[in-house]
Amino acid sequence: MPVEQLIQLDARLDSWCEGDTRRDEIARTVKAMASACCSIAAMLADGEPAADARAHDAITAAAAIAPVAELWTASLDSSVRTGGGGSLALVVKPLDGALGPTGMRGTIFSILGGPAPFLARGRRQVAAGLVVYGPATSLALTVGAGTDQYLLNGRTGEGRFVRALGLPTSTRDCAIDVSRYRRWPASVRTYVDDLFAGSDGPRGADADLRWSGVLSADALRILNCGGVFVSPPEERVGGADGRLRLIDEANPLAFLVEQAGGMATDGTERLLDKRPSRLQQRTPMIFGDPSAVTTFGHYMSKQPYSGEHSPLFGRRGLFRA
0 MPVEQLIQLD
10 ARLDSWCEGD
20 TRRDEIARTV
30 KAMASACCSI
40 AAMLADGEPA
50 ADARAHDAIT
60 AAAAIAPVAE
70 LWTASLDSSV
80 RTGGGGSLAL
90 VVKPLDGALG
100 PTGMRGTIFS
110 ILGGPAPFLA
120 RGRRQVAAGL
130 VVYGPATSLA
140 LTVGAGTDQY
150 LLNGRTGEGR
160 FVRALGLPTS
170 TRDCAIDVSR
180 YRRWPASVRT
190 YVDDLFAGSD
200 GPRGADADLR
210 WSGVLSADAL
220 RILNCGGVFV
230 SPPEERVGGA
240 DGRLRLIDEA
250 NPLAFLVEQA
260 GGMATDGTER
270 LLDKRPSRLQ
280 QRTPMIFGDP
290 SAVTTFGHYM
300 SKQPYSGEHS
310 PLFGRRGLFR
320 A
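For the sequence shown, numbering that gives the first Met the number 0 begins at 0 and goes up steadily by one.
Among the hints, erroneous ones may be present.
Computed list of lysine to any residue pairs in SDA-like fashion (alpha-carbon distance at most 25 angstroms, straight line) [as the list claims (entries may be wrong)]:
1) K301 <-> P184
2) K30 <-> A163
3) K30 <-> A10
4) K301 <-> R277
5) K30 <-> G113
6) K301 <-> F195
7) K30 <-> S78
8) K30 <-> N223
9) K273 <-> S186
10) K30 <-> C16
11) K301 <-> R182
12) K301 <-> Q279
13) K30 <-> T59
14) K30 <-> E17
15) K273 <-> V292
16) K273 <-> F195
17) K301 <-> L278
18) K30 <-> F195
19) K301 <-> A204
20) K301 <-> N223
21) K273 <-> A239
22) K30 <-> T155
DEER-style ranges, computed between Cβ atoms [unchecked claim]:
23) E47 <-> A135: 26 to 32 angstroms
24) G143 <-> K301: 44 to 50 angstroms
25) S86 <-> R269: 25 to 31 angstroms
26) A115 <-> Y180: 35 to 41 angstroms
27) A97 <-> Y180: 20 to 26 angstroms
28) L118 <-> D45: 33 to 39 angstroms
29) A115 <-> P48: 33 to 39 angstroms
30) D23 <-> A97: 33 to 39 angstroms
31) C224 <-> S86: 32 to 38 angstroms
32) R154 <-> V177: 36 to 42 angstroms
33) A115 <-> G197: 43 to 49 angstroms
34) G113 <-> A60: 21 to 27 angstroms
35) G143 <-> R235: 34 to 40 angstroms
Since the hints were derived computationally from the structure, they do not count as laboratory data. Treat the numbers as computed from the prediction; the structure is a model and nothing was measured. Don't be surprised by glycine CBs; every beta carbon is placed ideally from N, CA and C.
Kindly generate the complete structure, drawing on both the sequences and the hints.
Here's what the structure looks like:
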């Protein structure tokens with residue numbers, strides 16, 4: 000094993016701080032979150048009941064000992080003072096996903112600074128991370144200097160560096176929930192139809208459609224293996240706003256993806272440039288390989304051809320002359 004892979008999370012964060020007070024606050028908060036996630040991993044491994052409530056309690060306890068002034072999770076109507084002091088704000092989705100066939104769960108978090116942090120644009124984040132629980136507990140983390148992957152030990156609380164993540168750009172995977180096909184605008188249905196057509200269709204290339212139903216797990220796979228994640232707008236009441244929450248889901252993932260060399264948009268606008276107007280604000284989200292994200296944007300910006308879905312014109316598309 001390379002010597003670099005023996006470096007612990009704490010040691011890498013300490014080295015990054017270099018005596019800087021602001022960085023030290025960020026590092027201490029990341030360490031507290033990693034410790035809380037180790038506790039959640041052990042809890043899930045033991046099959047403890049009331050997992051969502053217990054995870055929220057673990058996050059709240061971590062925020063109280065970190066230099067965090069305020070905490071917000073989607074279960075709260077407003078942010079709460081933590082008693083931990085400091086100048087940072089913490090946004091967390093304590094448990095992502097639900098118990099099901101995959102058994103996967105995750106945690107997503109974002110650390111912010113400055114005035115009115117919860118309604119600030121995503122580019123104001125100073126750190127973000129996602130954790131996926133399973134046979135191994137993986138952490139993807141950025142402090143604004145690239146995105147790294149760690150393995151967390153739920154029993155010892157240690158985090159071990161695995162590697163720096165650079166999002167591959169040659170993968171043709173697409174994570175999209177095709178069960179929602181009938182709810183999508185015509186432009187999105189055309190995009191998916193062209194993916195299904197593969198090498199025989201207008202795009203001239205096969206694609207693998209994957210969907211785990213766990214946002215953090217799909218994001219970690221894309222960070223490691225490449226591809227694109229698509230959660231588009233929908234044609235229903237409120238559907239144009241998308242299904243993911245901007246503050247605690249889309250923004251931290253967008254920060255992680257961009258720091259790994261990827262792109263994250265709402266189909267037209269860079270996500271980290273969007274200013275939220277309320278805590279529970281929703282957004283469409285497309286992230287991953289910049290080329291694939293840009294291609295989706297082309298579909299969204301152009302009107303589909305008349306009769307696009309009729310048998311006579313079934314193979315027409317944006318990439319066909």
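Evaluated hints:
For the hint linking K301 to P184, the alpha-carbon distance of about 12 angstroms falls within 25 angstroms, and the restraint holds. With a C-alpha separation of about 18 angstroms, the suggested pair K30 and A163 falls inside the 25 angstroms cut-off, and the hint holds. The straight-line distance between the Cα atoms of K30 and A10 is roughly 11 angstroms, inside the 25 angstroms bound, and the hint therefore holds. Our distance criterion of 25 angstroms between C-alpha atoms is broken by K301 and R277, whose separation comes to about 30 angstroms.
Between K30 and G113 the alpha-carbon distance is near 21 angstroms, which keeps this suggested pair within the 25 angstroms criterion. A threshold of 25 angstroms between alpha carbons decides the hint, and for K301 with F195 the separation of about 20 angstroms falls inside it, so the pair holds. Between K30 and S78 the alpha-carbon distance is near 21 angstroms, which keeps this suggested pair within the 25 angstroms criterion. Restraint check: the Cα-Cα separation between K30 and N223 comes to about 23 angstroms, which is no more than 25 angstroms; the hinted pair holds.
Under the criterion of a C-alpha separation no larger than 25 angstroms, the hint pairing K273 with S186 is consistent with the structure, at around 23 angstroms. Taking the CA atoms of K30 and C16, the gap is near 13 angstroms; set against the 25 angstroms cutoff, the hint holds. At roughly 19 angstroms between alpha-carbon atoms, K301 and R182 fall within 25 angstroms of each other, so this suggested pair holds. For the given pair, K301 sits about 30 angstroms from Q279 by alpha-carbon distance, which is inconsistent with the 25 angstroms threshold.
Of the supplied pair hints, the one linking K30 and T59 holds, its CA atoms being roughly 14 angstroms apart against a limit of 25 angstroms. At roughly 16 angstroms between alpha-carbon atoms, K30 and E17 fall within 25 angstroms of each other, so this suggested pair holds. Distance check on the hinted pair: K273 and V292 sit about 17 angstroms apart at the alpha-carbon level, within 25 angstroms; holds. For the given pair, K273 sits about 31 angstroms from F195 by alpha-carbon distance, which is inconsistent with the 25 angstroms threshold.
Between K301 and L278, the direct Cα distance comes to roughly 31 angstroms. Violation of the 25 angstroms bound is thereby established for this hinted pair. A distance of roughly 43 angstroms separates the Cα atoms of K30 and F195; the hinted pair therefore is violated under the 25 angstroms criterion. A hinted pair counts as satisfied when its Cα atoms are at most 25 angstroms apart, and K301 with A204 qualifies at roughly 21 angstroms. For the hint linking K301 to N223, the alpha-carbon distance of about 31 angstroms lies beyond 25 angstroms, and the restraint is violated.
In summary, the hint linking K273 to A239 is supported, as the alpha carbons are separated by about 15 angstroms, within the 25 angstroms threshold. The straight-line distance between the Cα atoms of K30 and T155 is roughly 13 angstroms, inside the 25 angstroms bound, and the hint therefore holds. Checked against the hint of 26 to 32 angstroms, the C-beta distance between E47 and A135 comes to roughly 19 angstroms, which is inconsistent with it. A hinted range of 44 to 50 angstroms is violated for the C-beta pair G143 and K301, which are about 35 angstroms apart.
For the hinted restraint 25 to 31 angstroms between S86 and R269, the CB-CB distance of approximately 26 angstroms keeps it satisfied. Between A115 and Y180 the CB atoms are about 39 angstroms apart, so this pair conforms to the stated range of 35 to 41 angstroms. A hinted range of 20 to 26 angstroms holds for the C-beta pair A97 and Y180, which are about 22 angstroms apart. With their beta carbons about 38 angstroms apart, L118 and D45 fall inside the hinted range of 33 to 39 angstroms.
At about 38 angstroms, the CB distance of A115 to P48 agrees with the hint of 33 to 39 angstroms. Checking the proposed 33 to 39 angstroms range against D23 and A97 shows it holds: the Cβ atoms sit about 37 angstroms from each other. Between C224 and S86 the beta carbon distance is about 37 angstroms. The supplied range of 32 to 38 angstroms therefore holds. Look at R154 against V177: about 39 angstroms separates their beta carbons, and that is inside 36 to 42 angstroms.
Checked against the hint of 43 to 49 angstroms, the pair A115 and G197 passes, with Cβ atoms roughly 47 angstroms apart. As the Cβ distance of G113 to A60 is approximately 25 angstroms, the hint placing it in 21 to 27 angstroms holds. In this structure the supplied range 34 to 40 angstroms holds for G143 paired with R235, their Cβ-Cβ distance being about 37 angstroms.
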